[in-house]
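Quick note, the sequences are listed as chains E and Z, same order.
The opening residue of the first sequence carries number 1 in the working numbering; numbering runs sequentially from there.
The opening residue of the second sequence carries number 1001 in the working numbering; numbering runs sequentially from there.
Among the hints, erroneous ones may be present.
[To be verified] Quick list of the computed label-pair ranges, beta carbon to beta carbon:
| hint | chain 1 | residue 1 | chain 2 | residue 2 | range |
| --- | --- | --- | --- | --- | --- |
| 1 | E | Ala-295 | Z | Ala-1027 | 46 to 54 Å |
| 2 | E | Gly-130 | Z | Asp-1170 | 33 to 41 Å |
| 3 | E | Glu-43 | Z | Gly-1020 | 47 to 55 Å |
| 4 | Z | Ser-1028 | E | Asp-28 | 40 to 48 Å |
FYI, nobody ran anything at the bench for these hints, they're computed from the structure.
In this text, a Cβ means the ideal position worked out from N, Cα and C, and glycines have one as well.
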Amino acid sequence: MIRAPLSADRAVVITGIGAVTPLGNDFDSIADALLAGRSGVVEIDGAGFSREARQFAAPVAAIPTVATDSDDAFDRLGQICLAASSAATADAGLGDLRAGRGPVAGARVGLVLGIGAEQLKTWEADFLAGGRQVFSPDRPTSLVHRIAARLGIDGPAVTVAAACASSGYALALARRWIASGLVDVCLAGGCDILSPTGFAAFYNLRALSRRSDHPSRASRPFDRDRDGFVMGEGGAVLVLESRRHADARGARVRGELAGVGMSGDAAHMVIPSDDPTEAARAIHLALQSAGVQPADLDYVNAHAAGTPVGDIAEAAAIRLALGTATDHVPVSSTKSMSGHLVSGAAAFEAIACLAAIDRQTIPPTLNLDSPDERCRLDHVPLVARPHPVTVTASNSFGFGGANLCLVIRRAA
Amino acid sequence: MPHLSCPVAVHANVTCHAAGMAALREASVPGALPLPPRFLRHADEHTVVGIRAVQEAMVALGPRQGSSPARATDRFAVVAAPCGAGRPASARTLVSLRDGGPVTVSPHVVPQCSLHAVASAVSVGLRIHGPNIGVGGGPEALSEAFITALSLLDEPGVDGCWLVLTAWDDEPALDDRGNTPADAVCRGVALALDRAAAGSLELSLRTEPSLTVIDEASPTSSSGQPSLAELAAFLDRAAHAGGEDRDHHDDGWSWAFRLGWGATVHLELDLARLGARERRRDAA
């Protein structure tokens, strides 16, 4: 069953951005880095991460401190989530939600975080510090509820996970809550961290690039010489609300989350399906729910992480979904600069779409020296391309065949 | 205020002791869509009971509109809410990382121990093409699952939802190698939410204008969160509703709990609808 696009006053808009990423911690810094083609990938100390002494990744350089009067101490993942959430509320002008007054007093505010492996990372941090939480039957309160309590968010709070599409699913769920009237305002996004277990597992799976000779050239989506993705960390949290609610409080509107499409490959726990039908269906559903045609798209932010199989599968899905429009819709992968933020990737890439709309310029795919013939698209290689941008789509695909597409457009 | 609701077309409840988990991984469900060979070999305990519950529910659902049981729900979403899933495997992985270094970390830890593991395994193993999402992960998993599942029913391309809830009945302490006590019980509950179904059981989420205290009559555990075992007990009673029991509850049966933000989740058995269904069955 296909639902009609949301009416103008029920449209869900983005009014706040908070981010902690390898490319900066605010919208302008991130947009500047993306459009300048700046890489966040650097050499890191590989000890504890893999058998290699030297490794590379896209780490967060500095996590902004959130002022607090609480005793609740957050680990690195929690600090990043809290900092991004707090920055989003400030960017949206929501004021101090704990005070119960201000611009959204009386409104129901929700929080949805996409975090794929919170418990594993909590147990890991504790274990490596000498703790025994992982052996204990005690179950600590989830991060999303601790952050909600810290920020004074009094509505529903949920953690969702869909592997590398996790924060995109968080945005999709938040959009649905607003559209259905369940909440008036919702913070949504997701974050991830570099961790020894995650890094080693992906490395041993041979999913990571091994081009350690030149880290900033290792992430090369759609390139003939790609050999895997580069781990990144950080993420983003966006503030969503209905257009009517945003206008009523005079909020700055950064864009509209106009459409969502979701599907499952149901093919393999790790490997993307070589049949593009379901990934294309997610794109198709997103366009349909936004009420736009393939030819209306001005930019596609590809999931493309730089894995040999995944990039080919996505190119096929884009071609199937967009049909003859494919050759005229610019496509790029910002993971070439940010690395793969895993749970936080989709929310970060929503910011890349907003940057393209704001700057009327499409961010490039760095290191795309020789496009793979099997990934035939209208690539934006190496340097940003000035281009009129009104409607964008952002793909996210995860383990377990989790497919997601978001349509983000300039707010009317 | 919004009121989200959906009939529960069918449900199933599976329990397994840790000692019986190896056998359950290999066991087939008569009449159910078979899993790919050795599909559960690396799966977490929550995944094993969760996918088994969905298989049993699919068998109970039976064919619909001329399609096979499996195909009847192939455009359903899968929302799986494991509470504390992956802990034994995570413990073994961390011990291995400490003792043997990164080279010993299994690649399976990512797809099999993350919050998404149960949902993705149900989707892949049973060929379900709707979105598959892990929810919760902590002690609040049950309440997070209900709101997520009910919300997703309005998304384009989603025909219904398999809601899969898993937990240890009593969260076990693990030994130093990450092993689980043999008598620990892992539980999986699967509910098929289908707006097109004429089920006698209905799941709903009702929001209220202001925050309210927890209802004394609501079945909650000591933490304030309902337990999966309590929910399973209600579903079991609902499945066997009829006869003399019904005479004592002629206004219907319900299981409910209040969420901290001013909403209430209800599972209600509509006995009038149940009676009509039974009459149709008897007539047939």
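Going down the list of hints, with the structure as the test:
1. E:Ala-295 - Z:Ala-1027: 46 to 54 Å: Between Ala-295 of chain E and Ala-1027 of chain Z, where Cβ atoms are some 52 Å apart, the hint holds.
2. E:Gly-130 - Z:Asp-1170: 33 to 41 Å: Violated, at about 27 Å.
3. E:Glu-43 - Z:Gly-1020: 47 to 55 Å: 49 Å, holds
4. Z:Ser-1028 - E:Asp-28: 40 to 48 Å: 58 Å, violated
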